[in-house]
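Note that the protein sequences, when read in sequence, are chains A and B.
With the first sequence counted from 1, adding 1287 to any position gets you our numbering.
With the second sequence counted from 1, adding 11 to any position gets you our numbering.
Just so you know, these hints were derived from the structure itself, not from any lab.
Don't be surprised by glycine CBs; every beta carbon is placed ideally from N, CA and C.
Misleading hints may appear alongside valid ones.
Stated by the list, open to error - With beta-carbon atoms standing in for the labels, derived distance ranges:
| no. | chain 1 | residue 1 | chain 2 | residue 2 | range |
| --- | --- | --- | --- | --- | --- |
| 1 | A | HIS1379 | B | ILE44 | 55 to 61 angstroms |
| 2 | A | GLN1358 | B | SER163 | 24 to 30 angstroms |
| 3 | A | GLN1358 | B | GLY127 | 41 to 47 angstroms |
| 4 | A | SER1294 | B | HIS106 | 21 to 27 angstroms |
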Amino acid sequence: MGAAKNSEWQNLAKLALKGDRQAYGALLTDLSSYIRNVLVSGLSRPQDADDITQDVLISIHKSLKTYDPEQPFMPWLHAIIKFRKIDYLRKHYGQKADKTVSDDVLEFSSEFVTFEAHKGEYKDIEAAMNALPDQQRRIFEMIKIEGYSAREVANEMEMNESAVKVSAHRAMKKLQDLLKT
Amino acid sequence: MSESTRDFSDLIGELSSEAGRQKPLRSPLVRAIFYFVLTAAYICAVISFGSLRPDFMEVIGQAGFVFEMVMALLIWISAIVAGAWLCVPDMRGQHWLKMVPYMLTFVLGLWVFIRGIVEGATFFPMYWDSCIEHGLLLASVPLVLTIFMGHSGTTTQPYQMAIMNALVIASIGWLGLRMSCPMDDVGHGFLYQFLPLAIIGTIVGLLARRLFRW
């Protein structure tokens, strides 16, 4: 796939630079599925891959003038994919968008509840959470759900930062064990 | 047809309809030479309208002074070259270019540090010195030019680009001020010739993602 595609896209990009709309459309169409496939394996939510793919296509459009048709196409493309992926994830985590998944999103339960028998059954997660000691549950909630840092939690709970990290780790292990059984 | 496939088709249709013959970005080397010549012409003009240090003919014969000047010149050239390659998303594979100005800056920094230990450094109380004004005058136009050069490309490494811009103006400032200011004291050089430009460089760095957004 690599060398043949690289050469094909190189030619299409060359034509696109000359203003060939058809070649440009073919290039972008071909690239959209490739970019999505590259992205989807490294992301937890497939809808993020769609968003980033659109960003990458727009970026390709804006930066096509910097592509030299005598150079390989793949490194140029992958530099843009990596840049837009980091850019998107930075914004995403900056807005804590990863913490705002609605319970109504069915795709979420099928994607993230790892134990097949528990798909969509949030009540089991709640039950597992309730099985944790109060302090451990609070630490887990603050770090993993509310997004506080270990230091912030340590200050809030007047504990040592390492103890908070250990407690969060133990809570995670306990939850994994509870949800697997 | 799924919603995302339809979105992609719409977007691709829209982008394709905007396609036209594009003027490719000139070779990074040509752009680097162009911006180097522009900044060099400006520096020469500023220095010729200002004045060379009175003992210039004397210090130009000193190996240490010449070494500093050559190092600053090399940092300037290598940073402008790396900046020109950074304008292309993948740097056309020439990622090593970024390391050159860093290494040269490290060597010059080490040299100045050793000089400070050997010769001693006097950190005068900070006040508005003519060196600061001259440094800002020297750095202003090259700063605008290098930011413009970076902005006209599509960098995927905005912070590296900002560092290269900062190194360009810092080396220009160092070079220009060593040619015009007769004080060789390391403390003076640090406070009046390096610090103001380092502050400007830091500001450019903090604004990097906005300055080089595309």
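Against the structure, the hints come out as follows:
no., hint, result
1, A:HIS1379 to B:ILE44: 55 to 61 angstroms, "violated (41 angstroms)"
2, A:GLN1358 to B:SER163: 24 to 30 angstroms, "violated (19 angstroms)"
3, A:GLN1358 to B:GLY127: 41 to 47 angstroms, "holds (45 angstroms)"
4, A:SER1294 to B:HIS106: 21 to 27 angstroms, "holds (23 angstroms)"
Violated hints for the displayed structure, listed by number in ascending order: 1, 2.
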